[in-house]
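Once you have looked at the hints, place chain C on chain X.
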Amino acid sequence: MNAVLSIIRYTFLQQLRNRLYLVVILFGFLILASSLLFGALAPDQEVRVILDLGLAIIELFGLVAAVFGAVTLVLEEIESRTIYLILTRPLPRGYYIVGRFLGLLCAIAASMIVMGALHFILLQTKTWNPEMSYFISFGFILLKIMVMTAVALFFSLTSTSSIASIVFTFFFWILGHFGSEIKFLLQKAHNPMSAYAIKAFLFVTPNLEFLNYRDLFHIPGLDSRQLLMAAGYSVVYTSACLALSVAVFSRKEV
Amino acid sequence: MQNSFRKCKIIRMANDKPVVLELDNLTKIYRKSHLGRTQTSRGVENISLKIREGEVFGLIGPNGAGKTTLIKSILGLLFPTSGDVKIFGIPASQSDARKRVGFLPEVPYFYRYLSAKEVLEFYGNLSGMSRATLPARIEEVLKMVRMSEHAARPMREFSKGMLQRVGLAQAMLHNPDILIFDEPAGGLDPIGIREMRELMIALNKSGKTIFFSSHSISEIEKVSHRVGIIVRGNIKQIISVEEAHKTGINLEELFIKIVTDEMKGEVK
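Same order as they appear, the protein sequences are chains X and C. Here the working numbering = 1-based position in the first sequence + 39. Here the working numbering = 1-based position in the second sequence + 1329.
In isolation and in its complexed conformation, chain X is listed as follows (with noise of 0.2 Å):
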């Protein structure tokens, strides 16, 4: 457990040497820009356009901050052969690749829930009265982003390219969120292999849309049952992709 912990908080202050707060940085230009930009060109739906806007930018800094950290994140230990000096530890393989996932991750969440730190301030000043369905939104915005770092750690450590875990996990966000299209062209397929083969890409991509409650802000009432088994569902799609990234990595020789 300790030499778990280790690796996570070793992992979280890479990720800032790393400058992901950069990020954060360029999140507060931009929403700071948009807000003038907003209030000049709109000035009934501020609020209304920051509210969506920015939690659509901190969701797409967050993907491109989880894609390009979760890729690099054993390729580069692999790169410059830092990672002899711990696999030669008497540490399982698996715990180094939850260390490194969730070191990771803390530190995509730490960056995440400044920005919308910045965003809610920014809120605060435009009169606006704060919804617990922002809150919720948010934090599905976080789990969205677990899915995705445990899909593209998972391409990592099955391709050989970097380009090509980038390309994949970004395919396999567009597709998680068209899960209603591709269900129906399911029921358009008449051919049984084409529909088999539809239906198994449905069950391996993740459902974005089941977590996307981003568009579903306005909706009064949400279903907590609802919310309990979208949460349920992004924790059991993550593990699932980290059990397949420790069965890959056990087998990858260094």
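Derived from the structure by calculation, the hints contain no laboratory data. Note that CB positions come from ideal geometry on N, CA and C, so glycine has one too. Check before you lean on any hint, since a few could be wrong.
To be verified - Quick list of simulated restraints, FRET-style, between CB atoms: (1) N1504(C) - G271(X): 43 to 49 Å; (2) S289(X) - P1464(C): 41 to 47 Å; (3) D1425(C) - T199(X): 44 to 50 Å; (4) H1363(C) - I117(X): 16 to 22 Å; (5) Y60(X) - D1413(C): 45 to 51 Å.
Unchecked claim - With a straight-line cut-off of 27 Å between C-alpha atoms, the simulated BS3-like cross-links for lysine-lysine are: (6) K1586(C) - K291(X); (7) K291(X) - K1415(C); (8) K1586(C) - K1379(C); (9) K291(X) - K1346(C); (10) K1586(C) - K1575(C); (11) K1428(C) - K1575(C); (12) K1446(C) - K1489(C); (13) K1346(C) - K1565(C); (14) K1415(C) - K1565(C).
Stated by the list, open to error - Covered stretches of chain X, as calculated for chain C (at least 3 residues, CB under 8 Å): (15) 113 to 121; (16) 140 to 146.
Below, chain C without anything else, positioned relative to chain X:
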């Protein structure tokens, strides 16, 4: 040279000592696939070896002979194609096998922004050392490698020799019973080489088993009890340094003869 042989006799090896490291028909074949074509190359082949407690075993061979492949297979960084590796009777594939192993790679790569002390704290935690004993042990090993005054400096400021010393410190940190060094004197200046040699002898005197590889015959001769000559993935000969000295065998000539014969065989 006489002086160095005398040093080798400090500890006489006994065959009744327990086996610390055992290789049984170890073979590692590298496979690379590209566009459906698979290329294979031999790393090491059918290597069987027993290293006993308190022994210093030196592995010597030309570049690409399989020294690093052998060491990586022992440490579980590479997986054997066939054969077994056991450390203290535990298969090398299990992480527990590395509990009593300290490793120094040819070039120790560290996190450049961490200080020497932070690096050692990190590795100490990974080795399962208790928080209570770790700080004192870090001070102790830094003192042993004469790096105490540089403990707070980031690793990026260190010279190659200083990095090698920190590398040694991390290898000794958890007080392992067997030390595995890959080219420990590689890239060091003559003073650094001498210090490394003296430290290895001192570690062996304190009961540590050492398995190391080197390019330098004279260095291997000065610290090893037995020397294994590896060429093209095979250990061609294992010689007791003491016996070689008694019978007047010149290790350098023997090594060159074995390598030359191997090359001739390859040409034929």
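Can you let me know if the beta-carbon spacing of Y60(X) and D1413(C) is within 45 to 51 Å?
Holds - the Cβ-Cβ distance for Y60(X) and D1413(C), about 49 Å, lies within 45 to 51 Å.
Distance restraint between K1586(C) and K291(X), which requires alpha-carbon spacing of 27 Å or less:
violated, 38 Å
Tell me if the beta carbons of D1425(C) and T199(X) are separated by a distance inside 44 to 50 Å.
violated, 31 Å
Whether the CB-CB distance between H1363(C) and I117(X) falls inside 16 to 22 Å:
For I117(X) against H1363(C), whose Cβ atoms are near 19 Å apart, the range 16 to 22 Å holds.
Consistency of beta-carbon spacing, G271(X) to N1504(C), with hint 43 to 49 Å
holds, 45 Å
With a Cβ-Cβ cutoff of 8 Å, does the segment 140 to 146 of chain X contain at least three residues near chain C?
Result for this restraint: violated, n = 0.
Starting from K1586(C), check that the Cα of K1575(C) is at most 27 Å away, please.
holds, 20 Å
Compare the distance between the alpha carbons of K1415(C) and K1565(C) with 27 Å, and conclude whether the hinted pair is satisfied.
holds, 21 Å
Distance restraint between K291(X) and K1346(C), which requires alpha-carbon spacing of 27 Å or less:
violated, 35 Å
Kindly confirm whether 41 to 47 Å is satisfied by the beta carbon distance between S289(X) and P1464(C).
violated, 33 Å
Do the alpha carbons of K291(X) and K1415(C) lie within 27 Å of each other, as the hint requires?
holds, 20 Å
Between the alpha carbons of K1346(C) and K1565(C), is the straight-line distance 27 Å or under?
Holds, at about 24 Å.
Of the numbered hints given earlier, the model fails hints 2, 3, 6, 9, 11 and 16; all others are met.
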